[in-house]
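Starting from the given sequences, assemble the full structure and let the hints guide the process.
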Amino acid sequence: MAIDLKKISTESRNLNTLDIDEISTIKILDKINNEDQIIAPKIKEKLSDISLVVDEVYEKLKNGGRLIYMGAGTSGRIGIIDAVECPPTFGVNYEMVQCLMAGGKDAFVKAKEGAEDNKELGIRDLKDIHLSSKDFVIGIAASGRTPYVIGGIEYAKKIGAKTACITTSSNSILASLVDYKIEIVVGPEVITGSTRMKSGTCQKMVCNMISTSVMIKLGKVYSNLMVDVKPTNEKLIQRSLNIIHEITDVSLDEARILLDKYHTIKKVIFHYFTNVEDEALIDKYLNKCSDNVKLAIKLYKEENI
Numbered sequence: 120m121a122i123d124l125k126k127i128s129t130e131s132r133n134l135n136t137l138d139i140d141e142i143s144t145i146k147i148l149d150k151i152n153n154e155d156q157i158i159a160p161k162i163k164e165k166l167s168d169i170s171l172v173v174d175e176v177y178e179k180l181k182n183g184g185r186l187i188y189m190g191a192g193t194s195g196r197i198g199i200i201d202a203v204e205c206p207p208t209f210g211v212n213y214e215m216v217q218c219l220m221a222g223g224k225d226a227f228v229k230a231k232e233g234a235e236d237n238k239e240l241g242i243r244d245l246k247d248i249h250l251s252s253k254d255f256v257i258g259i260a261a262s263g264r265t266p267y268v269i270g271g272i273e274y275a276k277k278i279g280a281k282t283a284c285i286t287t288s289s290n291s292i293l294a295s296l297v298d299y300k301i302e303i304v305v306g307p308e309v310i311t312g313s314t315r316m317k318s319g320t321c322q323k324m325v326c327n328m329i330s331t332s333v334m335i336k337l338g339k340v341y342s343n344l345m346v347d348v349k350p351t352n353e354k355l356i357q358r359s360l361n362i363i364h365e366i367t368d369v370s371l372d373e374a375r376i377l378l379d380k381y382h383t384i385k386k387v388i389f390h391y392f393t394n395v396e397d398e399a400l401i402d403k404y405l406n407k408c409s410d411n412v413k414l415a416i417k418l419y420k421e422e423n424i
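Residue numbers for the sequence shown follow my numbering, beginning at 120 and rising by one.
Think of the hints as simulated: they come from the structure by calculation, not from any bench.
From the three backbone atoms N, C-alpha and C, an ideal C-beta is built for every residue, glycine too.
Please note: incorrect hints may appear among the correct ones.
[Claimed, not checked] Subject to a maximum C-alpha distance of 30 Å in a straight line, what follows is the list of computed DSS-like cross-link-like pairs (lysine-lysine): (1) K407 to K253; (2) K349 to K253; (3) K323 to K380; (4) K179 to K403; (5) K277 to K336; (6) K229 to K336; (7) K276 to K161; (8) K420 to K403; (9) K277 to K253; (10) K179 to K150; (11) K253 to K238.
[Unchecked claim] Distance windows between CB atoms, simulated: (12) I376 to A399: 17 to 25 Å; (13) D402 to G223: 34 to 42 Å; (14) G279 to N394: 41 to 49 Å; (15) V369 to D236: 51 to 59 Å; (16) T351 to D402: 15 to 23 Å.
What follows is the structure, given as structure tokens:
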């Protein structure tokens with residue numbers, strides 16, 4: 120059956136850019152920039168919807184579940200970018216946050232446009248990762264009609280997983296299926312139908328908000344510092360030392376000694392604020408508080424001081 124693109128807001132023509140092929144470079148850039156400025160205020164209008172998703176994803180991850188993005192084309196690439204940055208930023212494993220993309224990993228660098236039209240592929244990909252009711256699935260689709268994503272969401276709901284969507288069109292099929300809808304209508308693209316532009320930017324911003332907020336709630340951030348960053352190369356070792364210095368005021372040389380001794384930033388912080396040197400005792404309090412170092416320090420002081 121033919122798709123009526125005129126009913127999808129991301130496919131409508133932008134009256135502000137009808138002459139974009141006739142103007143100077145600076146005017147092209149100005150028009151693109153003007154359109155981009157629409158995005159953040161539109162997202163702000165939907166913060167309450169995003170908040171519901173964050174809280175539900177947090178509960179799932181706290182209890183051993185996973186966050187699974189699903190998308191095709193630009194939407195899939197946005198999900199992958201967000202997912203793969205979580206381990207180096209927050210020290211989580213690569214299973215906790217992941218993205219399934221229509222056409223598989225190869226589609227990230229070479230478009231496989233036909234893959235998005237197959238609902239069964241979405242179901243198969245979720246089965247391949249053994250999706251369960253403990254997980255949370257977010258379908259990302261600008262139009263809200265991508266069959267690959269819809270198939271995945273239908274399967275996720277069937278087995279009892281919670282679901283959400285991130286769309287930039289209103290009243291979509293996808294939004295009608297999910298438990299939590301995030302619909303942010305950013306209007307027609309600068310180039311008609313090119314959802315790699317405003318829609319893609321919007322999706323990236325929302326994914327950033329969801330994953331970052333969840334990780335903060337999981338205790339992966341102390342103040343605004345990445346205390347679960349893994350010191351796996353020189354840059355990240357130096358960042359780890361700088362974080363310890365910022366929180367404790369010890370010198371960078373002292374920070375290196377402490378990091379060598381306790382191996383993680385969180386253990387160093389706990390030691391500094393409690394004077395506990397026994398690593399097993401530090402581990403005990405971190406485990407009691409689900410690895411949230413602020414809560415662990417507070418609990419230790421309540422019980423011992």
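Which of the listed hints are not met by the structure?
-> 3, 6 and 10
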